[in-house]
Amino acid sequence: MRILLALLMLLAAPLHAATEEVVLGLSQNRVSITTNFDGSNILIFGAIKRETPLPESDLHVIIAIAGPSESLMVRKKDRRLGIWVNTESVEVDAAPSFYAVATSGPMKQILTEIEDLRHKISIPRAIRSVGAPMEIENAQSFAEAVIRIRKDNGLYQVHENSVEVAEQTLFRTSVQMPANLTEGDYLTRVFLVRDRKVVSDFETVIDVRKVGLERWLYTLSREQPLVYGLMSLFIAIAAGWGASTAFRMLKSG
Amino acid sequence: MQIYLPIAEVSVNAFLLLGLGGLVGILSGMFGVGGGFLMTPLLFFIGIPPAVAVATEANQIVASSFSGVLAHLRRKTVDLRMGVVLLIGGLVGAALGVLVFNYLKSLGQVDLLVRLCYVVFLGVIGALMFVESLRAIRKAKRSPGTPPSRRKHRGWVTALPFKMRFRTSGLYISVIPPLLIGVAVGILAAIMGVGGGFIMVPAMIYLLHMPTKVVVGTSLFQIIFVTGFTTLLHATTNFTVDIVLAVLLLVGGVVGAQIGTRIGTRLKAEQLRILLAIMVLVVCGKLALDLLLTPSELYSLGAAGGH
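If you read the protein sequences in the order shown, they are chains A and B.
Under the numbering used here, the first residue of the first sequence carries the number 1, and numbering increases by one thereafter.
Under the numbering used here, the first residue of the second sequence carries the number 1, and numbering increases by one thereafter.
Simulated from the structure, these hints should not be mistaken for lab results.
We put the CB at the ideal spot given by N, CA and C, even for glycine.
A couple of the hints might just be wrong.
Chain B is faced by these chain A residues, among others (derived, beta-carbon under 8 Å) [to be verified]:
| id | residue |
| --- | --- |
| 1 | THR35 |
| 2 | LEU54 |
| 3 | ASN180 |
| 4 | ILE235 |
| 5 | PHE247 |
| 6 | MET249 |
Isolated chain B, as found in the complex:
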């Protein structure tokens, strides 16, 4: 069944969109990532104009994350205090990100830089997580039943001022690292058109040493507000939010997220991490190949003066 999207001005198969939404929704529920880093390139691939894909994706992430957050709030796996700190950073970052984005656009190289950002971030994070998870799995096999030992020295993170107690996470740390993480995620969210969960989740685990169980819910909590803010920015400045596209993606997405959340609770933390690492590396590899291989069409069309 073909459906015409009013803002994107293209006609696409409705079931294809529902399927894409569902698939990415499952991943969203399992890992606590918004799925934007997968969905945005997939939307480009099926012929949605990039500007519309990025803006609509922000809207869709709000919806798919919302049901995820509800599920996590019910299971009390959201650190609200940490979430608010990350959110303050995120809103500042999103505003900065829009400024950076417009600057890159004026240079005419925004596509390349966005792609390079994807390759570098996904590559580094994917590789780190993969190695770390493998080590954790090997350790768990050697001594079953004992929790993985925590590093005693947390270095600079513990040395910073403005300490705050995060009861849900069982942490007493400075607010500076989570604020900075929030800003970084906000910038990336605005530039790359993603929720930023794939950056935030590892940062929370490896930099803040938060328990994996609260990481997913807390990152989703931050994401819905930052992407909601981004959606409004895009809707009012670029007019590129396509509600019909968003609704189709999110109908698939919310159903998928519910299934994903349930799968997520059954899997062990290390297994979750290694799965996410593999996913991240696959997407990274695909994007890197696109940059390295000779494209079949050397020319590309874009609107003059605008995007």
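So that you can see chain A by itself, here it is in the shape it has in the complex:
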């Protein structure tokens, strides 16, 4: 039954895509991490292009931004002999380093579970965790821990009702990207939703890169680690000696 449904949707998707399309704008498609980088606010706006009359159902818009995925080791502490020790661990195969979802309505009401699963929109769907060891009883709680910890750090965000949709044609929202971003391509997806189904989607990439001094130091540390290490030592010693000399001169002069 489910397979049939999925097949139907696969057939239906391109039909809808042809009738309604997203024209997207970003306040910036590039985030430069400079020395005084303190997070970035990105304005996402767009319009819906259609060549057919306006359908009767309500239109909703969901926007998801995902940072580069990485595998994670999640460890759980337990009390052993009176002290708290890491006892269990689960490897999460792929979790985005940043994930923000903005919607124009409550997620549960505007999107079906199956559609969420298919497009991997909500945060739990965006994290892939397979192959947890058999002896771990509740592997799901490890994935939940990833979400909880990252939400506390502002790396995972859910903003329901934050996308404004005007006249079923224009939409806009803004996403605050925190200061502790990692470099990479941030995949930005926009979904148009009607009758709890995705009728059209659009993808673009926000490029998050270190620039200037940050870029130079990072590249040097990776490509010429010995030079970088010696330079670090030299700068450290020069500063140490310099400050010491300055103090002595202050004292004598």
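Fit chain B to the supplied structure of chain A, relying on the hints for placement.
For chain B alone, kept in the frame of chain A given last:
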């Protein structure tokens, strides 16, 4: 003023880092400890990834100790000969320490063992120093003007072969104990991400019976070379030395160390020791509480396959 650290990949307040560096620098100058045992946990606390904190701290210790060593060399309170012997042991120990560290990492319990190391070492040393200093202060009060009497029997330390004369310290002892101390400190430095002064200073005082005045300068002398070596190891294998973080910490640190060295020369040896003992016990208590109390978050995230 927020500043983005290129290697740590986090944004932190620059003045917070300068302040931390200054505070730990004062302690470094006063006691001759690198301050790593304080700074490393403080860096974890402000959100620097542990691997970066440990590696960068090694670099920062080089700088803060360098100005301290210069100050001590000028006052001729460094036993260079003893320093070189300790250094040879230290380099061997640091290399061994990296091997041990990687082994523990493969077991997946490196965090716990590092913390336990901290609690045990800081607890034992802090308590010993505290008791010893209290006794010394009481003795000094009873008979002012007379130096504290030295124990006549030094036991096994005097019985060992390969004796060497350490003129600055006024000692004629075997090179084996200082070499072993150097190795032990090197291992601990690599595992715990510290300079190791808090182990070396008491060991020099209580095991080698070196005069307190040369202990501080000599330990700093050994520390700059061992931590310099560790910095290069981290930079070339783990890529975790953050020069921006190190520079901010050391700008605060070198200024603090100069102030600390001056405070140190004004205080009496017993007072210095009791202050250091209290500091060590406070840090130990904090780490022990973290292990014993129920944590607010039972789960922790780490990079898979790596650290």
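Numbered hints the structure breaks, given as an ascending list: 2 and 6
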